[in-house]
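These protein sequence lines map, in sequence, to chains S and L.
Taken in order, the first sequence gives residues 58 to 379; the numbers are from this note's numbering.
Taken in order, the second sequence gives residues 1194 to 1779; the numbers are from this note's numbering.
Bear in mind the hints are in silico, worked out from the structure with no lab data behind them.
C-beta: ideal position from N, C-alpha, C; glycine also.
Possibly wrong hints are sitting among the right ones.
To be verified - Here are a few chain S residues that sit away from chain L, every Cβ distance over 10 Å (derived from the structure): (1) G102; (2) S173; (3) I342.
Said to hold, decoys possible - Some chain L residues judged to face chain S by a derived CB distance under 8 Å, without partners named: (4) P1405; (5) S1406; (6) V1410; (7) E1420; (8) Q1508; (9) Q1512; (10) Y1518; (11) A1521; (12) M1579; (13) Q1580; (14) N1581; (15) N1586; (16) I1589; (17) P1761.
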Amino acid sequence: MSDFWIIVFAISVMLGAVGGAAVATWFERRLLGLWQDRYGPNRIGPFGIGQVAADMIKLLTKHDWVPPFADKWVFIFAPTAIVVAMLLGFAVVPFGPGLQIIDLNIGLLFFLGMTSLAVYSVLLGGLASNNKYALLGGLRSAAQMVSYEVFMGLSLMGVVMLSGSFSMVDIVESQRDGWYCFSQFLGLFVFVIAAIAESHRLPFDLPEAEHELTAGFHTEYSGMKFAMFMLGEYLGLILISCMITTLFFGGWLAPFSLTFIPAIVWFSLKTFLVICFFILLRCAIPRPRYDQLMSLGWKIMLPITLINLVITGAVALWIAGA
Amino acid sequence: MLAVEQTTDLTIVAKLFEEFGAHTFVVQKTVDGIPTLWIQAELLHPILTFLKPHYPMLYDLFGIDERLREHREDQPESDFTVVYHLLSLAQNLDIRIKLAAQTSADAEYAVPTITPLWANANWYEREAWDMFGISFTDHPNLYRILLPPTWVGHALRKDHPARATEMEPFSLNETKQAEEQEALRFRPEEWGMQTSKDGTEYMFLNLGPNHPSVHGVFRIALQLDGEVVVDAVPDIGYHHRGAEKMGERQSWPSYMPYTDRIDYLGGVMNNLPYCLSVEKLAGIEVPEKAKVIRIMLAELFRISSHLVFYGTFVQDIGQMSPVFYMFADRERLFGIIEAITGGRMHPAWFRIGGVAADLPNGWEKLVRDFIDSMPARLDHYDKMAMQNSILKNRTIGIGKYSAEEAIEWGVTGPNLRATGVDWDLRKQRPYAGYDQFEFDVPIAHNGDCYDRAVVRIEEIRQSLRIVRQCLDNMPEGPYKSEHKLTSPPPKENTMHDIETLIHHFLHTSWGPAIPAGEACVPIEATKGLNSYHLISDGGTTSYRTRIRTPSFPHLQQIPLISRGLMIPDLIAIIASIDFVMADVDR
Chain S
58 MSDFWIIVFA ISVMLGAVGG AAVATWFERR LLGLWQDRYG PNRIGPFGIG QVAADMIKLL
118 TKHDWVPPFA DKWVFIFAPT AIVVAMLLGF AVVPFGPGLQ IIDLNIGLLF FLGMTSLAVY
178 SVLLGGLASN NKYALLGGLR SAAQMVSYEV FMGLSLMGVV MLSGSFSMVD IVESQRDGWY
238 CFSQFLGLFV FVIAAIAESH RLPFDLPEAE HELTAGFHTE YSGMKFAMFM LGEYLGLILI
298 SCMITTLFFG GWLAPFSLTF IPAIVWFSLK TFLVICFFIL LRCAIPRPRY DQLMSLGWKI
358 MLPITLINLV ITGAVALWIA GA
Chain L
1194 MLAVEQTTDL TIVAKLFEEF GAHTFVVQKT VDGIPTLWIQ AELLHPILTF LKPHYPMLYD
1254 LFGIDERLRE HREDQPESDF TVVYHLLSLA QNLDIRIKLA AQTSADAEYA VPTITPLWAN
1314 ANWYEREAWD MFGISFTDHP NLYRILLPPT WVGHALRKDH PARATEMEPF SLNETKQAEE
1374 QEALRFRPEE WGMQTSKDGT EYMFLNLGPN HPSVHGVFRI ALQLDGEVVV DAVPDIGYHH
1434 RGAEKMGERQ SWPSYMPYTD RIDYLGGVMN NLPYCLSVEK LAGIEVPEKA KVIRIMLAEL
1494 FRISSHLVFY GTFVQDIGQM SPVFYMFADR ERLFGIIEAI TGGRMHPAWF RIGGVAADLP
1554 NGWEKLVRDF IDSMPARLDH YDKMAMQNSI LKNRTIGIGK YSAEEAIEWG VTGPNLRATG
1614 VDWDLRKQRP YAGYDQFEFD VPIAHNGDCY DRAVVRIEEI RQSLRIVRQC LDNMPEGPYK
1674 SEHKLTSPPP KENTMHDIET LIHHFLHTSW GPAIPAGEAC VPIEATKGLN SYHLISDGGT
1734 TSYRTRIRTP SFPHLQQIPL ISRGLMIPDL IAIIASIDFV MADVDR
């Protein structure tokens, strides 16, 4: 692609991701409604889709207020960090053959780096608010980051070993013989759990934990800045789903040689199903206490990841030797 | 009623006479037959210490302003009286001790505190201080509890205005608002707390009165070390509406709707103890059909209340969906309640002497459809919520207390049965016709959050059993007593003889005059023992309405069971206790 088309493509990915995140808020509420024997937003437009626009108008026109006791600049900066980091993460997502903003040879590391940066948003938001609930939310987020960052990265190393590359395109191409969700099911399992923790969604929404900390780190946020946090969360949800699709479900590759359906459709469909799965998790599972979450991370997830690495490494060497 | 007569036991009175001398007591006759003894202030501690092994639970403690009371022939002189109502679960017996407040060195009316004897006397004494200005000598923190700290006067005194129109119009300017807010500031030193230890400061977190998980307007000030709760001070009173004071203004029947709003999830279950107490005072026998209708409605409301508990309990643990299923069930239940009573949450449908109307045509099908559908749904919820391992990890072993602690703190109802005490008032004193029904009393043994939920969920099933028996065996006959003090009074003969017409007119306009006396008939309400201690002075209104609610002592016990745990555990504990603030503050 020429530079011009890359810029056009980048802008459309950005708009698509933001639009997708906005629609995801509505979609999640409708889907939760379906599973919880109720309707969800169904009044504005067909199937209530207009709710997205209504919410946006409401959030964007609200008084842009900074509490007098807050640390003003950090308070304003915090919600932008998560949106920027998450949007940057989309740069390495291969939506189809050649449909990618940039094919970095360290694409996977770039993705991990960007999602880690997003945590700062929560930390800084919690600190800058100068509110006790927000502080507790920020503390929890820090603890969660420390324990989940470790094996989030490690859980993907099995995929890297098998494909022999950090490049997203290579990883997808190497799955022509079989998706990694089968050979790397432990890696997938751990990554899904880490990903929920990373995106702060129920059951691991401890920094937010409505029933405990009212709204946790974003207790003091409202209007546009609150909308940025929400946008960041849903961008994160979509990005993580894209990554799970790319790394474990063959990316744009068509299953059963159904290649007459375009690659981008396959990619979107898989990502969509992963998003539905995340929403179902939110719907079904209660929230563990945060020390329980920590011990789950260190005592169960980390050993599983390491075992997975050792076995994958041994198998990879054995295959290479044979 | 028959049930309470059984609890009359005079052997303890004989023992007391033997120990302290008969001359030290004045025995008061009460309509409910509970032995009621007046004693002297200096003997309060010895007598209560003597009684405690026999009556381990302080069931209630309250004040009475006697200054305007006319009918107190067999009672000693007293301006303000403090009543100690003790309960023995093992013997299934009650005793009431009464004490006249005396002028002391620094208070006009004072009595010795009994907080060293019963831990749960603390809040009750604060309430009596708040409401009557009775000072409790040596009480550790005798602050106001229900009214704001800035309140002037003591609300339940007879000379305190009862209506807003008797007072200056209320206004809130900025200075006053600032003062009120400052008065509510939590000051750790008032509660004997340290603000730091070993160089690290504690965080003091104001949880509530507006917080998603405190189930109403309940404030709890937490002393935190990180997220660990070092100590907690519950603060109540934000939902106080003066229900007891209103009882002194409303006629006997017109107080009924106020009772509905005490435990607002219990609906007509609240009417029952009030009706039973008034009927006791008036000597009204309720016809069989009315009894069965009352039990059916009360049990339906028990199911409704427990469903709300179930849903919110699971939601507070962080599971999002179940609450919607349980509220949908409750909605169906309200449909039935509406068809029968015309109301949903607050039908105010019981009447003195029976119920307001007969059951409507077709009620059987509605009730049958509901109770047929519930067991399968409960099984489903069980798999979804109670079997969930995260939920189990969050609640098993959390917020534990033993049976002894429960009794010491006045804990009743499912919260008591979760500690392994097999004590349900419906079995122990089958009031209102419960002796005619077959059901089990579910108990659990660990006394933790999980067990409190288990007991309640099993109670839903047992209530379904009771409702089915009501459905299959609904007797024929009148739904209200023919007694002349029932309300509304029987109308049939009003157009035939002048005597009945006059009675009917007076009873509907002024309300019936209930014979003078005192009575208190407890019931097993949705959340524990609930009773109305009613004092009639022979008039058309109650002289004193004392509402003993189960949630009040339950909240008092929160600090005890939450020390050393984390905030999420505290939320689980609050959810598992199952209280509503209206039931606490009245």
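These are the hints, each one checked on the structure:
1. Non-interface call for G102 of chain S relative to chain L: holds, since the shortest CB-CB distance, roughly 24 Å, exceeds 10 Å.
2. The claim that S173 of chain S lies off the interface holds: its Cβ sits roughly 24 Å from the closest Cβ of chain L, which is beyond the 10 Å cut-off.
3. A Cβ of chain L approaches the Cβ of I342 of chain S within 10 Å, the least distance being about 6 Å, so the stated non-interface status is violated.
4. Here the hint on P1405 of chain L is kept, as its CB sits about 6 Å from the closest CB of chain S, short of 8 Å.
5. Against a cut-off of 8 Å between C-beta atoms, the interface hint on S1406 of chain L holds, since the closest Cβ of chain S lies about 4 Å away.
6. Checking V1410 of chain L against chain S: minimum C-beta separation of about 15 Å lies over 8 Å; hint violated.
7. Because the beta carbon of E1420 of chain L sits about 6 Å from the nearest beta carbon in chain S, less than 8 Å, this interface hint is met.
8. Taking 8 Å as the C-beta contact cut-off toward chain S, the hint placing Q1508 of chain L at the interface holds, the least distance being around 7 Å.
9. Hint status for Q1512 of chain L relative to chain S: holds, with the closest Cβ pair at about 4 Å, below 8 Å.
10. Because the closest C-beta pair between Y1518 of chain L and chain S is about 6 Å apart, less than 8 Å, the hint holds.
11. Look at A1521 of chain L: its Cβ gets to within about 6 Å of chain S, closer than 8 Å, so that hint holds up.
12. For the restraint placing M1579 of chain L at the interface with chain S, the shortest Cβ-Cβ distance is roughly 11 Å, beyond the 8 Å limit, so the hint is violated.
13. Against a cut-off of 8 Å between C-beta atoms, the interface hint on Q1580 of chain L is violated, since the closest Cβ of chain S lies about 12 Å away.
14. Annotation: N1581 of chain L was flagged as interfacial toward chain S, and the flag holds, the nearest CB pair being 6 Å apart, inside 8 Å.
15. Interface hint status for N1586 of chain L: upheld, as the beta-carbon distance to the closest one in chain S is roughly 6 Å, under 8 Å.
16. Of the supplied interface hints, the one on I1589 of chain L is violated, with its beta-carbon coming no nearer than about 12 Å to a beta-carbon of chain S, more than 8 Å.
17. The criterion of a C-beta within 8 Å of any C-beta in chain S is met by P1761 of chain L, whose closest approach is roughly 5 Å, and the hint holds.
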